[in-house]
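K.L.:
What follows is each chain in one-letter form.
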Amino acid sequence: MDEQHDSHGTSHPAETPAHEGTHVSGGGAEPGEHNLFTDLLHHTQDSRVLEYPGGHLELPYILIERDGVHCYRSAESLRSAGLYTTTGTGSALRTDTGAPPMLDMSVTKHVFFLWVAAALLCLCAVRAARRNARRMVPSGFGNLVETVVVFIRDEIAVPNMGQDGVRYLPYLLTTFFFILIMNLLGLIPYGSTSTGNVNVTAGLACIAFIMIQASAIRAHGVKQYFAHLTGGVHWALWPIMIPIEILGLFTKPFALCIRLFANMTGGHIVIVSLIGLIFIFRSYLIAIAPVGFVVAIMFLEIFVAFLQAYIFTMLTSLFMGLGMEPSHEERSPHPHVH
Amino acid sequence: MLEINPGLILWTIITFVIVVVILRGTAWKPLVKALNDREEKIRQSLELAERAHADAQRMLEENRVQLAAAGEQAARIIRDGRDMGERLKNEILEKAQASSRQTVEMAKAEINREKEAALTQLRGEVADLAIAAAGKILEANLDEPRQRKLVDSVIRELSGST
Chain A
1 MDEQHDSHGT SHPAETPAHE GTHVSGGGAE PGEHNLFTDL LHHTQDSRVL EYPGGHLELP
61 YILIERDGVH CYRSAESLRS AGLYTTTGTG SALRTDTGAP PMLDMSVTKH VFFLWVAAAL
121 LCLCAVRAAR RNARRMVPSG FGNLVETVVV FIRDEIAVPN MGQDGVRYLP YLLTTFFFIL
181 IMNLLGLIPY GSTSTGNVNV TAGLACIAFI MIQASAIRAH GVKQYFAHLT GGVHWALWPI
241 MIPIEILGLF TKPFALCIRL FANMTGGHIV IVSLIGLIFI FRSYLIAIAP VGFVVAIMFL
301 EIFVAFLQAY IFTMLTSLFM GLGMEPSHEE RSPHPHVH
Chain B
1 MLEINPGLIL WTIITFVIVV VILRGTAWKP LVKALNDREE KIRQSLELAE RAHADAQRML
61 EENRVQLAAA GEQAARIIRD GRDMGERLKN EILEKAQASS RQTVEMAKAE INREKEAALT
121 QLRGEVADLA IAAAGKILEA NLDEPRQRKL VDSVIRELSG ST
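Here the protein sequences line up with chains A and B, keeping their order. Residues 1 to 338 in the numbering used here are what the first sequence lists, from first letter to last. Residues 1 to 162 in the numbering used here are what the second sequence lists, from first letter to last.
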């Protein structure tokens, strides 16, 4: 990781030409400090350029408008086509109106790593399933995957949702492994944490939202589901209760979204800040301490990667379980029942 | 950092849904099925082992009972045999003693009879001898009938005293 961030300053002139000068030419600390950190933080964020050892690759633009889909291989070809210009961060803007495109489905760095995670997950999971199907006693990799499967089934799905929860196991397993792999991908050099992007976690939270509602409707039926939204209070209080309940439906996935995003970004910001100390003090001797700290934080990050994947899965299944509970009156997960 | 990018949200959802659809059939269900199968098999094996263990326990108990019975029977047979031998020995001994006693009795009786006969014969002979001797001694004085009368009375006295 430290290697990765160190190398960015020099291997990446095209993207941040303005900031390059400040820490290469070694200007005074006052004007450079802000730019240095925004520059380093930039690497935790999404990008239209994919870096690999010894170079970088511009990722394609896919812009969806009312009149169709526009695809461009790079920012260069986008500009030369004349329909769009690019802003400083690489986003496309229409030349005629100056407005952003209706829907920007470009393959960015985070989309790329989303796909890497998806491909890795498919490969590993299918491999593990094949291995385990072949032999009665699983070993090695299949055993590892199976341990997690057993854990998610027996410690997450069944305690929260009862035996009905086994039905949602494919969703929970995919969530756990997908988030875990995305989290871990940010810890390898040149990798990037897609879950450090609030849009990715928002997408995952949207799916969690749908699953929470779907499982509740499946368990109780549509009528009971809407009856639940009134909170079981006197009808005169409905104008207050229904908005609160509806808000409650959205706060849970919203919390999921922000928690995962903030945790994954937070770790990277700590690492980037520690690395930044080297550039501020401009001393090899000083570098020893931050690098030591970064190694320690990296271990913490590995732990957090697993922890956050677990928490997301755990809370999703908890929320699903709350909605699937037999009767609203018997237990009161919400304080307003009576 | 917090800018909303609907394209990325959509990509996430699309990717996730595709992954779920792919893995649902190819990975998760087989994994869970293999797991359930194994759990079932382990439970069956455990039950089987439990049953086999119970069977073995029962057979062991039966064997122990049979062994104890057999031991007892063997002891009884030995005891019976010994008793019988003892009884037989005594019987044979008794019989032998009885037979030897009888033989001795018979021998004694024979001896007595023989002795009686010998004595009788001896008395005859002695009488004859005595008569002959007395005749020779008293040849002139005594006639035959008076002599015999005298000798007979002597003999009667003799046999009566013995």
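Hints may be right or wrong, so weigh each one.
Said to hold, decoys possible - Subject to a maximum C-alpha distance of 20 Å in a straight line, what follows is the list of computed EDC-like cross-link-like pairs (lysine to aspartate or glutamate): (1) K33/B / E146/A; (2) K149/B / E114/B; (3) K29/B / D96/A; (4) K95/B / E105/B; (5) K33/B / E65/A.
Simulated from the structure, these hints should not be mistaken for lab results.
K.L.:
Of the numbered hints stated previously, which ones are contradicted by the structure, given in increasing order?
P.N.:
Of the numbered hints, 2, 3 and 5 do not hold.
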